[in-house]
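Asks: Sequence:
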Amino acid sequence: MIRLEIPGFGPVELQHLVSDFTGTLSVDGRLVEGVRERLLRLSQNLEVHILTADTFGTAERELSGVPCRFHRLAEPHLDRQKEAYVRELGPERVMALGNGLNDRLMLRIARVGVAVMLPEGVAVETLKAADILVRSPLEALDLLLEPRRLKATLRF
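Numbering-wise, the sequence shown is residues 1 to 156 according to full-length UniProt numbering.
Where hints are given, some of them may not hold.
[Said to hold, decoys possible] Lysine to aspartate or glutamate pairs mimicking EDC-like chemistry, simulated, CA-CA at most 20 Å apart:
id, residue 1, residue 2
1, K151, D28
2, K128, D79
3, K151, D131
4, K128, E75
[As the list claims (entries may be wrong)] Distance windows between CB atoms, simulated:
id, residue 1, residue 2, range
5, R80, Q15, 40 to 46 Å
6, R3, D28, 35 to 41 Å
7, F156, E75, 38 to 44 Å
8, T55, R80, 17 to 23 Å
9, P76, R148, 39 to 45 Å
10, E75, Q44, 31 to 37 Å
Keep in mind that the hints were calculated from the coordinates and are not lab data.
We put the beta carbon where it would ideally sit given N, CA and C, even for glycine.
All chains, please: the whole structure from these sequences, using the hints.
Replies: Here it is in structure tokens:
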């Protein structure tokens, strides 16, 4: 668990990291270099969940050896499936990462929603649903590895 008191934002007690894969942790189906190591470190304090439609069909292979709950989702209504998953975990205990339109609902309800902007871009509605925008999954994961960064960004 990661605990923080963020002035103006309130207490944050995270137990789960929920992330999209394609365009969030990967580019063209390949895990961004450095993500694996960060996920391994974070899995010592958080339960890691990967929810993906797996556009390139590579997610399970790319995440091999990473302790996570992997869920390949099927059309239709990916957005509602992701939202329901976060609701089941308890959104107040979740930090969610995503970039696509189908990530907007889970980012909106998660205690901390992070939009990740890789070459695929970020859907405008997803950006509006997020608490934070970062330029890479490394920056997103580092917010958890160095929680004072999260505090500095979210305090009023």
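Asks: Evaluate each hint against the coordinates.
Replies: Now for the hints, and whether the structure bears them out:
1. Only pairs whose Cα atoms come within 20 Å are accepted, and K151 paired with D28 is rejected, the gap being roughly 32 Å.
2. Taking the CA atoms of K128 and D79, the gap is about 15 Å. The hint holds against a cut of 20 Å.
3. Simply put, K151 and D131 have alpha-carbon atoms about 12 Å apart, close enough for the 20 Å limit, and the pair holds.
4. The straight-line distance between the Cα atoms of K128 and E75 is roughly 24 Å, outside the 20 Å bound, and the hint therefore fails.
5. Hint check: R80 to Q15, Cβ distance near 23 Å, so the stated range 40 to 46 Å is violated.
6. A C-beta distance of roughly 36 Å is found between R3 and D28, which places it inside the suggested range of 35 to 41 Å.
7. Remark: the range hint 38 to 44 Å for F156 to E75 is upheld by a beta-carbon distance near 40 Å.
8. For the pair T55 and R80, the supplied restraint of 17 to 23 Å holds, since their beta-carbon distance comes to about 18 Å.
9. Judged by the Cβ atoms, the range 39 to 45 Å given for P76 and R148 holds: they are separated by roughly 41 Å.
10. As the Cβ distance of E75 to Q44 is approximately 34 Å, the hint placing it in 31 to 37 Å holds.
When held up to the earlier numbered hints, the structure conflicts with 1, 4, 5 and fits the remainder.
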